[in-house]
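Engineer: Chain by chain, the residues:
Number of protein chains: 2
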Amino acid sequence: MAYFDAASAAPLHPVARQALMASLDEGWADPARLYREGRRARMLLDAAREAAAEAVGCRADELVFTPSGTSAVHSGVAGALAGRRRAGHHLIVSAVEHSSVLHAAEVHRAGGGPVTEVAVERTGAVSPSAYAGALRPDTALACLQSANHEVGTVQPVAEVAGACRAAGVPLLVDAAQSLGWGPVEGDWSLLAASAHKWGGPAGVGLLVVRKGVRFAPQGPRDERESGRAPGFENLPAIVAAAASLRAVRAEAAGEEARLRELTERIRARVPGLVPDVEVVGDPERRLPGIVTFSCLYVDGETVLHELDRAGFSVSSGSSCTSSTLTPSHVLRAMGVLSEGNIRVSLPPGTPEEDVERFLTVLPEVVAGVREKLGAPVSAGDTAAGRSEDTVVVDALGRRCPIPVIELAKVIGDVPLGGTVRVLADDEAARLDIPAWCDMRNQQYLGEEPAPGGTAYSIRRLT
Amino acid sequence: MAYFDAASAAPLHPVARQALMASLDEGWADPARLYREGRRARMLLDAAREAAAEAVGCRADELVFTPSGTSAVHSGVAGALAGRRRAGHHLIVSAVEHSSVLHAAEVHRAGGGPVTEVAVERTGAVSPSAYAGALRPDTALACLQSANHEVGTVQPVAEVAGACRAAGVPLLVDAAQSLGWGPVEGDWSLLAASAHKWGGPAGVGLLVVRKGVRFAPQGPRDERESGRAPGFENLPAIVAAAASLRAVRAEAAGEEARLRELTERIRARVPGLVPDVEVVGDPERRLPGIVTFSCLYVDGETVLHELDRAGFSVSSGSSCTSSTLTPSHVLRAMGVLSEGNIRVSLPPGTPEEDVERFLTVLPEVVAGVREKLGAPVSAGDTAAGRSEDTVVVDALGRRCPIPVIELAKVIGDVPLGGTVRVLADDEAARLDIPAWCDMRNQQYLGEEPAPGGTAYSIRRLT
Numbered sequence: 001m002a003y004f005d006a007a008s009a010a011p012l013h014p015v016a017r018q019a020l021m022a023s024l025d026e027g028w029a030d031p032a033r034l035y036r037e038g039r040r041a042r043m044l045l046d047a048a049r050e051a052a053a054e055a056v057g058c059r060a061d062e063l064v065f066t067p068s069g070t071s072a073v074h075s076g077v078a079g080a081l082a083g084r085r086r087a088g089h090h091l092i093v094s095a096v097e098h099s100s101v102l103h104a105a106e107v108h109r110a111g112g113g114p115v116t117e118v119a120v121e122r123t124g125a126v127s128p129s130a131y132a133g134a135l136r137p138d139t140a141l142a143c144l145q146s147a148n149h150e151v152g153t154v155q156p157v158a159e160v161a162g163a164c165r166a167a168g169v170p171l172l173v174d175a176a177q178s179l180g181w182g183p184v185e186g187d188w189s190l191l192a193a194s195a196h197k198w199g200g201p202a203g204v205g206l207l208v209v210r211k212g213v214r215f216a217p218q219g220p221r222d223e224r225e226s227g228r229a230p231g232f233e234n235l236p237a238i239v240a241a242a243a244s245l246r247a248v249r250a251e252a253a254g255e256e257a258r259l260r261e262l263t264e265r266i267r268a269r270v271p272g273l274v275p276d277v278e279v280v281g282d283p284e285r286r287l288p289g290i291v292t293f294s295c296l297y298v299d300g301e302t303v304l305h306e307l308d309r310a311g312f313s314v315s316s317g318s319s320c321t322s323s324t325l326t327p328s329h330v331l332r333a334m335g336v337l338s339e340g341n342i343r344v345s346l347p348p349g350t351p352e353e354d355v356e357r358f359l360t361v362l363p364e365v366v367a368g369v370r371e372k373l374g375a376p377v378s379a380g381d382t383a384a385g386r387s388e389d390t391v392v393v394d395a396l397g398r399r400c401p402i403p404v405i406e407l408a409k410v411i412g413d414v415p416l417g418g419t420v421r422v423l424a425d426d427e428a429a430r431l432d433i434p435a436w437c438d439m440r441n442q443q444y445l446g447e448e449p450a451p452g453g454t455a456y457s458i459r460r461l462t
Numbered sequence: 001m002a003y004f005d006a007a008s009a010a011p012l013h014p015v016a017r018q019a020l021m022a023s024l025d026e027g028w029a030d031p032a033r034l035y036r037e038g039r040r041a042r043m044l045l046d047a048a049r050e051a052a053a054e055a056v057g058c059r060a061d062e063l064v065f066t067p068s069g070t071s072a073v074h075s076g077v078a079g080a081l082a083g084r085r086r087a088g089h090h091l092i093v094s095a096v097e098h099s100s101v102l103h104a105a106e107v108h109r110a111g112g113g114p115v116t117e118v119a120v121e122r123t124g125a126v127s128p129s130a131y132a133g134a135l136r137p138d139t140a141l142a143c144l145q146s147a148n149h150e151v152g153t154v155q156p157v158a159e160v161a162g163a164c165r166a167a168g169v170p171l172l173v174d175a176a177q178s179l180g181w182g183p184v185e186g187d188w189s190l191l192a193a194s195a196h197k198w199g200g201p202a203g204v205g206l207l208v209v210r211k212g213v214r215f216a217p218q219g220p221r222d223e224r225e226s227g228r229a230p231g232f233e234n235l236p237a238i239v240a241a242a243a244s245l246r247a248v249r250a251e252a253a254g255e256e257a258r259l260r261e262l263t264e265r266i267r268a269r270v271p272g273l274v275p276d277v278e279v280v281g282d283p284e285r286r287l288p289g290i291v292t293f294s295c296l297y298v299d300g301e302t303v304l305h306e307l308d309r310a311g312f313s314v315s316s317g318s319s320c321t322s323s324t325l326t327p328s329h330v331l332r333a334m335g336v337l338s339e340g341n342i343r344v345s346l347p348p349g350t351p352e353e354d355v356e357r358f359l360t361v362l363p364e365v366v367a368g369v370r371e372k373l374g375a376p377v378s379a380g381d382t383a384a385g386r387s388e389d390t391v392v393v394d395a396l397g398r399r400c401p402i403p404v405i406e407l408a409k410v411i412g413d414v415p416l417g418g419t420v421r422v423l424a425d426d427e428a429a430r431l432d433i434p435a436w437c438d439m440r441n442q443q444y445l446g447e448e449p450a451p452g453g454t455a456y457s458i459r460r461l462t
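In order, the protein sequence lines correspond to chains A and B. Under the UniProt record's numbering, the first sequence has 35 at position 35, and the numbering climbs by one with no breaks. Under the UniProt record's numbering, the second sequence has 241 at position 241, and the numbering climbs by one with no breaks.
Please keep in mind that the hints were generated in silico from the structure rather than gathered at the bench. Nothing here was measured: the structure is a model prediction, and the numbers come from that model. Where is the CB? At the ideal position from N, CA and C, for every residue including glycine. Check each hint, because a few of them may be wrong.
Unchecked claim - DEER-style ranges, computed between Cβ atoms:
{"id": "1", "chain 1": "B", "residue 1": "Gly368", "chain 2": "A", "residue 2": "Pro183", "range": "50 to 58 angstroms"}
{"id": "2", "chain 1": "A", "residue 1": "Arg265", "chain 2": "B", "residue 2": "Arg246", "range": "42 to 50 angstroms"}
{"id": "3", "chain 1": "A", "residue 1": "Ala82", "chain 2": "B", "residue 2": "Gly349", "range": "42 to 50 angstroms"}
The shape of chain A in the complex, shown without the other chains (with noise of 0.2 angstroms):
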């Protein structure tokens, strides 16, 4: 069996075992309490907020300890942004954060809240000039991930950060991919992590917000945690998330450069061992561990469920549910093909015979999937066919990827400068159908209302 699905949750570091462990007997006590038990627990508490700032370049004060990564966002959102009230209520987000910022923004949205999503590029970042052209005179709080979940490409914090700061504006970063790599540069204001994310158990999470930041809690009020996350602390968990924050960072350095060249190897290898791939994300300014690709003619679900039975665990489109069946936001964010996603998400410490196996294993996986769905075998596969100008598919009710197959196996039947309609009442299809046109060099003429669904036009230029 081989994980590589890192990037939702790493297995427990071995340090973060064995702190959880040692701190069961230690600090199940309440910290605030004056016994013996109680200040163990604080001793504990303190050390262990000591260790996680230094790690993150703050101060111990800044740093609060929360039950995850996503109440960490969500309390650093609505913090921040009423802490600001009097400077404005303009929120900025990228297009491709986490699903935590995004309903953090909604919830801003729906109580008339000002949002902005800065578009990205096709690689997956932000440009720095698009992020600072958001920022308006009434900016309350801008939130930019230091590094994408999904297809691991590396935001230009720093930029972005300048940018914020010298408009005045605080920057929450989400940290949660890259804080197991090393520290988040630039000037930011506010950061949030999830220890699960590096190896930590799960049930902490870290909000930083530096000093001279306007902080407001909200919500009812608790002493605990600065007043910033409310509860009981879960204090063997706090010990082990900083104690293996700790050791993944002293692993981090070696472990970072064999990652990077196994995922070089994936991104490099498989589209010539899968026809039809595109390898999404930044091919240079990446995290070391993450590379993902999207196959046409196969649906993420089916591609996953094959990988798992030959003992790869992967994720594939949206990284935050199984069940939602919507295309990825940060894909359509990238307009890039999210049919038959894969994100591969190596741990450290993945050996180097787990990828050469998943680089034999995928071609068969992918072309078994594609001979059920009855895929077209090859690109070239368009030779014969009516000379009708133009050919309607009906693909309503069919989820993806059949519309895109249906239309790969009509697109021979129309003359050069022909057109297909394909008919289509799933959401992916709006996504993968001009993606398909992008990497077949037909021409996407765009979409138009249909009964039941919609339809997209397509020109055969080759």
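Model the placement of chain B on the given structure of chain A, informed by the hints.
Structural biologist: Same frame as chain A, now just chain B:
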């Protein structure tokens, strides 16, 4: 060392420890994922939910796991109020709820929502008829703890739930202190609890919302835990919480009788061993492990410190933090003495010898503190003295218990029928001077504002 503060946090139950360690290896992956590790995590989560639901006495799909008891209360109150928006905005709480409930009520009040705090009797219990009398046509939600965390008094939940049901108002029960002992009886609608109170790990709360109860989760959307508890599930802790709840329930019957006998010993013997003590809370309808008493002429913090040196970890006054200097809202609502307050809460398994040793040590400790503070040695020590009709004691700027000690020192200086005026600015005096009068059979005449504080008037009767 004897740890007598189980009501703050119980030491980890051995079953919790075992389950936690076992599921660290099996339960770190994302239960929303479809691959092997995710499916295994999902199975563990489902099994834990079944077990917890069985112990609570609800359906599995009515129960979600939250990051803490506090967050279960906060989410439960907010979600239930929002779900009942059309019925009205009125919220009812008892005056002795845990701070998490009262802080949630504060938020509601700050947003313009009317809140009724139902007073309690001197035992700490609400009267069912008084509670029912607070119900209004626009009542959206009622909250009542199953048992009080500071004095152990059991509340008449079933009767109150019946009255709420008849009025069509959902009742939220904070069962944090009692769930380890048994299910909450009666026809309640929502329930919150906290695993570390029953010997489970920190980082897990329960929120139960009965089918048919209108509930609208507040805050940013998240698909985990039915949308009622955002953030990645803390699975190992959840598994440990459910397993330990089952385990403590299996041991509850035997342990309940044993602890009840031990706390009864303390209740019965402390007043004979230590002069000027008031044992508070209901002597019958109470939790097995909690007994609370207040000692005249000492301050809680010093007694706690001395008991800690003698090897006993107990709590005092407000259950929430050691930094709060105002007297506990629970003792205030009960109208009992708060001075020198000590809560003993025995964890299951407490040896009899520890309790006996406590009864030996306590009198010495209290006597030592009294001596240091210059407290009057004996109650009858009011012999000689001036014969002025009124004596004024200036205790401005002096902390509890000094104002009461000074009062006790001069009461003998006035003739029978004469008055003492105590000037004080410590909040505790407002509660403790009337309580002292009650214990000493003197007449409390009332308070009035005075320069720099408050003047309390007492007439000497004996």
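Engineer: Each hint: holds or not?
Structural biologist: Structure-based check of each hint:
1. About 52 angstroms separates the C-beta atoms of Gly368(B) and Pro183(A), a value consistent with the hinted range of 50 to 58 angstroms.
2. In this structure the supplied range 42 to 50 angstroms holds for Arg265(A) paired with Arg246(B), their Cβ-Cβ distance being about 48 angstroms.
3. Judged by the Cβ atoms, the range 42 to 50 angstroms given for Ala82(A) and Gly349(B) holds: they are separated by roughly 46 angstroms.
Violated hints are absent here; each numbered hint is respected by the structure.
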